[in-house]
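The whole structure should be built from the sequences, with the hints applied where relevant.
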Amino acid sequence: MKFVDRGHRSIGGTGAARSGQFRTLLLVSSLGLALGIAGCSAPTSSFPASTTDGTGPSNPNPDPNAKRSTIFGEGGITLFDAGGSSNAPQGPSIGVNSFLWRASLDTISFMPLASADPFGGVIITDWYSAPASPNERFKLTVYILASTLRADAVKVSIFRQTRPDAGSAWADTPPEVQMTTQIENAILTRARQLRSAAVEAQQNNSN
Numbered sequence: 001m002k003f004v005d006r007g008h009r010s011i012g013g014t015g016a017a018r019s020g021q022f023r024t025l026l027l028v029s030s031l032g033l034a035l036g037i038a039g040c041s042a043p044t045s046s047f048p049a050s051t052t053d054g055t056g057p058s059n060p061n062p063d064p065n066a067k068r069s070t071i072f073g074e075g076g077i078t079l080f081d082a083g084g085s086s087n088a089p090q091g092p093s094i095g096v097n098s099f100l101w102r103a104s105l106d107t108i109s110f111m112p113l114a115s116a117d118p119f120g121g122v123i124i125t126d127w128y129s130a131p132a133s134p135n136e137r138f139k140l141t142v143y144i145l146a147s148t149l150r151a152d153a154v155k156v157s158i159f160r161q162t163r164p165d166a167g168s169a170w171a172d173t174p175p176e177v178q179m180t181t182q183i184e185n186a187i188l189t190r191a192r193q194l195r196s197a198a199v200e201a202q203q204n205n206s207n
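Numbering follows the numbering used here, in which position 83 of the sequence shown is assigned residue number 83; successive positions increment by one, without gaps.
Read the hints as simulated data drawn from the structure, not as lab findings. All C-beta atoms in this analysis are idealised placements derived from N, C-alpha and C, irrespective of residue type, glycine included. Please note that the accuracy of each hint is not assured.
Label pairs and their calculated CB-CB ranges [unchecked claim]:
hint: 1; residue 1: A132; residue 2: N204; range: 41 to 51 Å
hint: 2; residue 1: T181; residue 2: S129; range: 49 to 59 Å
hint: 3; residue 1: D152; residue 2: P131; range: 28 to 38 Å
hint: 4; residue 1: P131; residue 2: N207; range: 44 to 54 Å
hint: 5; residue 1: S129; residue 2: A197; range: 25 to 35 Å
hint: 6; residue 1: A132; residue 2: T189; range: 23 to 33 Å
Dropping the structure here:
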């Protein structure tokens with residue numbers, strides 16, 4: 001199965017635009033480091049329990065059009081692989097694709113987790129500031145939209161806030177457009193790695 005790269009925008013410009021792109025690269029580099037560490041270890045991600053009691057921060061801007069898979073929907077009881085083969089490895093019985101779920105947790109593992117609902121397929125982080133950029137912070141919501149592993153089955157919403165200095169209040173600021181694409185592509189790449197590892201493990205066990 002081929003994943004279609006959603007495209008990366010070129011990085012250029014001057015002045016404030018270049019400064020914003022540099023801050024974006026700081027976050028993406030943190031993401032890349034987390035992916036590198038995860039790629040060197042066995043895929044043993046845990047599956048946090050659903051937090052529906054309101055104890056964690058709520059999504060400040062939920063996507064009303066996001067399709068939510070549930071345990072009663074298509075593929076909700078048993079997770080299936082990307083190719084649809086009955087002999088392919090399958091994940092735990094949660095509401096969305098297990099590889100995308102684990103890949104999402106791995107990809108954003110450098111950010112504090114606010115809540116994770118494996119049946120609704122929604123992961124929400126708390127605010128995160130890169131050490132080199134303490135006056136800028138990000139919060140992510142990851143939607144997993146299907147029980148199959150495909151390129152359009154993951155959607156990321158990014159929330160960004162900035163402040164002039166440590167004594168000032170945070171203010172909402174639009175994130176750089178390419179960040180969403182980069183994080184979605186990173187999740188898809190990690191999911192493909194996890195599935196390949198599962199297929200290889202199954203083949204080794206059958207020999």
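Cross-check of the supplied hints:
no. : hint                    : result
1   : A132 x N204: 41 to 51 Å : holds, 42 Å
2   : T181 x S129: 49 to 59 Å : violated, 22 Å
3   : D152 x P131: 28 to 38 Å : holds, 34 Å
4   : P131 x N207: 44 to 54 Å : holds, 46 Å
5   : S129 x A197: 25 to 35 Å : holds, 32 Å
6   : A132 x T189: 23 to 33 Å : holds, 25 Å
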